[in-house]
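Visitor: Sequence:
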Amino acid sequence: MEAFIELRRNMVDCQLRTYDVTDRDVLAAADSVPREAFVPGNASHLAYLDQPIALPGTSRGLMAPMVVARMIQTLDPEPGEDVLEYGGGSGYGAALMQRMGAKVSLWEPDAEARKLAGPALAAAGAGEVAILDKAPAPASCDAILVSGACEVQPSTLFPLLREEGRLVVIEGAGRAARVKLYQKSMGAVSGRTVFDAFAPELAEFRRPAAFTF
1 MEAFIELRRN
11 MVDCQLRTYD
21 VTDRDVLAAA
31 DSVPREAFVP
41 GNASHLAYLD
51 QPIALPGTSR
61 GLMAPMVVAR
71 MIQTLDPEPG
81 EDVLEYGGGS
91 GYGAALMQRM
101 GAKVSLWEPD
111 AEARKLAGPA
121 LAAAGAGEVA
131 ILDKAPAPAS
141 CDAILVSGAC
151 EVQPSTLFPL
161 LREEGRLVVI
171 EGAGRAARVK
181 LYQKSMGAVS
191 GRTVFDAFAP
201 ELAEFRRPAA
211 FTF
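Under my numbering, the sequence shown has 46 at position 46, and the numbering climbs by one with no breaks.
Because the hints were derived from the structure by calculation, they are not lab data.
Certain hints may be false.
What follows is a set of in silico ranges between Cβ atoms, one per label pair, in the way DEER data are often shown [stated by the list, open to error]:
| id | residue 1 | residue 2 | range |
| --- | --- | --- | --- |
| 1 | Met186 | Met1 | 46 to 56 Å |
| 2 | Glu6 | Glu163 | 39 to 49 Å |
| 3 | Asp13 | His45 | 35 to 45 Å |
| 4 | Glu204 | Leu49 | 25 to 35 Å |
| 5 | Asp13 | Met186 | 20 to 30 Å |
| 6 | Met1 | Pro138 | 41 to 51 Å |
| 7 | Gly57 | Glu163 | 35 to 45 Å |
With a straight-line cut-off of 25 Å between C-alpha atoms, the simulated DSS-like cross-links for lysine-lysine are [as the list claims (entries may be wrong)]:
| id | residue 1 | residue 2 |
| --- | --- | --- |
| 8 | Lys115 | Lys103 |
| 9 | Lys103 | Lys184 |
| 10 | Lys115 | Lys184 |
| 11 | Lys134 | Lys115 |
| 12 | Lys103 | Lys134 |
The beta carbon of each residue, even a glycine, is placed where N, CA and C say it ideally should be.
All chains should be modelled from the sequences, with the hints used to inform the complete structure.
Guide: Here's what the structure looks like:
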């Protein structure tokens, strides 16, 4: 446990702070949520590396710590807001936002990933996070964190946003991907690019294969 505490502090100081993560609430959450709880036991030693981590037996992976932290900083979830993490695997992003005071749900379509999320969230003291296997009601979210790269715009998630709601996502493939922040205003959703980032792809938002003769 002491070793993980030291690794967590080093992650905050050497990865997050040097990646322009400056929000005190985000830094405090990252310094207190045990990331090792979200990595299967035999791989827990990888939890604080500056890289994504595949979740064995699932189609999901955890984004690198600095990427998820800066995306949450961009999303800026407020205490009491209804926040959704989509495709979060074992739920590390959801736990961070819950620690920041938001009312958080994790919508994870991958059944095997959902099996990891329940025990992981409980072990991290985030058992209040609701785990969903289907979409929440339309216009029920103040903010959405999409925890993976999408080759196409995740427009199917936009109806879940309330007026003035925000959604943050990595769009694009490989090292050319960019984090975009979307906001709904007067019923329309518009977005802007915020920074470059890399994350494991979400298969459901891959670009359809082009037909060739």
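Visitor: Work down the list of hints and note, for each, if the structure agrees.
Guide: Hints versus structure:
1. A hinted range of 46 to 56 Å holds for the C-beta pair Met186 and Met1, which are about 50 Å apart.
2. With their beta carbons about 44 Å apart, Glu6 and Glu163 fall inside the hinted range of 39 to 49 Å.
3. In this structure the supplied range 35 to 45 Å is violated for Asp13 paired with His45, their Cβ-Cβ distance being about 19 Å.
4. The supplied range of 25 to 35 Å is met by Glu204 and Leu49, whose beta-carbon atoms lie about 26 Å from each other.
5. Asp13 and Met186 have their C-beta atoms about 42 Å apart, which leaves the hinted 20 to 30 Å range violated.
6. For Met1 and Pro138, the Cβ-Cβ distance of about 43 Å falls inside the hinted range of 41 to 51 Å, so the restraint holds.
7. A C-beta distance of roughly 39 Å is found between Gly57 and Glu163, which places it inside the suggested range of 35 to 45 Å.
8. Between Lys115 and Lys103, the direct Cα distance comes to roughly 21 Å. Compliance with the 25 Å bound is thereby established for this hinted pair.
9. The straight-line distance between the Cα atoms of Lys103 and Lys184 is roughly 20 Å, inside the 25 Å bound, and the hint therefore holds.
10. Proposed proximity of Lys115 and Lys184 is contradicted: the alpha carbons are some 32 Å apart, above 25 Å.
11. Pair hint Lys134 plus Lys115 holds up; C-alpha atoms about 15 Å apart against a cutoff of 25 Å.
12. Restraint check: the Cα-Cα separation between Lys103 and Lys134 comes to about 17 Å, which is no more than 25 Å; the hinted pair holds.
The earlier numbered hints that this structure contradicts are 3, 5, 10.
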